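Using the sequences and the hints, build the whole thing.
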Amino acid sequence: MEIISLLLGLTIFFNIALGISIIFLERKDATSTWAWLMVLLFIPIIGFFLYLIFGKPISKRRIFTWDTKSRLGVKTAVQSQLRALERDNFSFKHEEIAEYEDLVYLHLRNDDAIFTQDNTVDIFTDGKEKFDALIQDMERATDHIHLLYYILRSDQLGDRIADVLIKKANEGIEVRVLYDDMGSRTLKPRYIKRLRRAGAQVEAFFPPKIPKINFKINYRNHRKLAIIDGKVGYTGGFNIGDEYLGTVKKFGYWRDTHLRICGDAVTNMQTRFILDWNQASRHHIFYDERYYNHSHKGDVGIQIVSSGPDSEWEQIKNGYIKMIMSAKEYIYIQTPYFIPDDSLRDAIRIATLSGVKVRIMIPNKPDHPFVYWATLSYIGDLLNAGAEIYIYQNGFLHAKTIVVDGKIASVGTANIDVRSFRLNFEVNAFLYDKGVTERLVEAFNNDIEHSTQMTKKLYDQRSLGIRFKESISRLLSPVL
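Numbering of the sequence shown is given in full-length UniProt numbering, commencing with residue 1 and proceeding in unit increments.
None of these hints come from the bench; they were simulated from the model.
Given the structure is predicted, the values throughout are model-derived calculations rather than measurements.
Be aware that one or more of the hints could be misleading.
Pairwise CB distance ranges (calculated) [to be verified]: (1) Gly-355 / Glu-95: 50 to 58 Å; (2) Tyr-253 / Ile-135: 46 to 54 Å; (3) Gly-465 / Thr-142: 55 to 63 Å; (4) Lys-193 / Asp-242: 17 to 25 Å; (5) Asp-310 / Gly-395: 28 to 36 Å.
Every residue, glycine too, gets a C-beta built ideally from N, C-alpha and C.
Structure representation (structure tokens):
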């Protein structure tokens, strides 16, 4: 009896101490704070350990080697562009893009995201086409291949990628592979050994210091980057796994959006990879002209924007809000998960109520049930404001795209949810070009042909069971 009383007393003490820490020291947003306090109150023992694993914030000090940015000349270029914008003497290749100079300025201030205007962009919405192109580019590599993926599987597609990497490593090409330890938890050790035996460098992002116990499990590197010879870069929603080819029965056809970029934007993608690599590996990379190529000439404006739990600002979310508030005609959004915080939800609602056509497309098939039910609860708020909601029926929709007025767009790894904005390490390409955005609009309209519209009448016919699941999931959404 005394032992039980002691354990109960210790549980109460530690939970109170943790609650005080959450409220006064960590200063999370109010919604997240209340959610964690409820967890500690109703499941005190389990909740305590859940918080240590999933809720403990990462230090706001920069975990990356900021000296790397200085050596790469990023800070100098950013300050130069900021001064030009402040003095109204920044030269935009396309006049219509000048109206979005506030967005360019925001990303420069928030994330040191250099604005480049000499890029070409290919868009992939099909996994087979994307990976065929990536493999072809890797086979042409003459100097280095850098890959960063949240999910890397040792399945048929993963083996196909490994075969090319091993071949190129044997030819003397520098090969670096960085994967997220949590996202790639099914990756087999023999897969890594094969690559390393050939001379490839392979590292995990935030691996556990104690086997099977990872206190950083909640902070995932959700980025997808591929850089070949500093000339070609890929980013978007596709990970490396058979499901992304549409060959896994559970999901069926996998609809995603990925970009192949050539131009100076690849320099910024390379910098992002180097920062992440230097955090994960003891073998740091610093400035080397081999990693940067400035010979390509296009005319698409791009900023590569990153965000993560180490950031002072929620850069990608801020970019989304700025895009939405600039809209005059329409906003098209595709996302597998729609769990916006109050600021983003209000921005979308205000745009809708102001007469801007807002179309949001989400999947019909959930890959994470609680997240899916929370998504259904949030779309109701925007249906009431007049937004058009479409449910994609032709497989699983995993694209993360926003298009505004056929002039600017964002494509990348960040979903519209709290996890992407605050907990995951993400990267998006913000695109300033009519031609590229028109192709994204065309893809969206094609997807509408394979979707059903969720009307207010249909939404109100949801069963009590679904509404209950939505309510519980929405309550938990800050900690999902």
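So, going through the hints one by one against the coordinates:
1. Gly-355 / Glu-95: 50 to 58 Å: violated (25 Å)
2. Tyr-253 / Ile-135: 46 to 54 Å: violated (21 Å)
3. Gly-465 / Thr-142: 55 to 63 Å: Hint holds: Cβ distance 58 Å, inside 55 to 63 Å.
4. Lys-193 / Asp-242: 17 to 25 Å: Holds - the Cβ-Cβ distance for Lys-193 and Asp-242, about 21 Å, lies within 17 to 25 Å.
5. Asp-310 / Gly-395: 28 to 36 Å: holds (35 Å)
Comparing the model with each earlier hint shows violations of hints 1 and 2; every other hint is respected.
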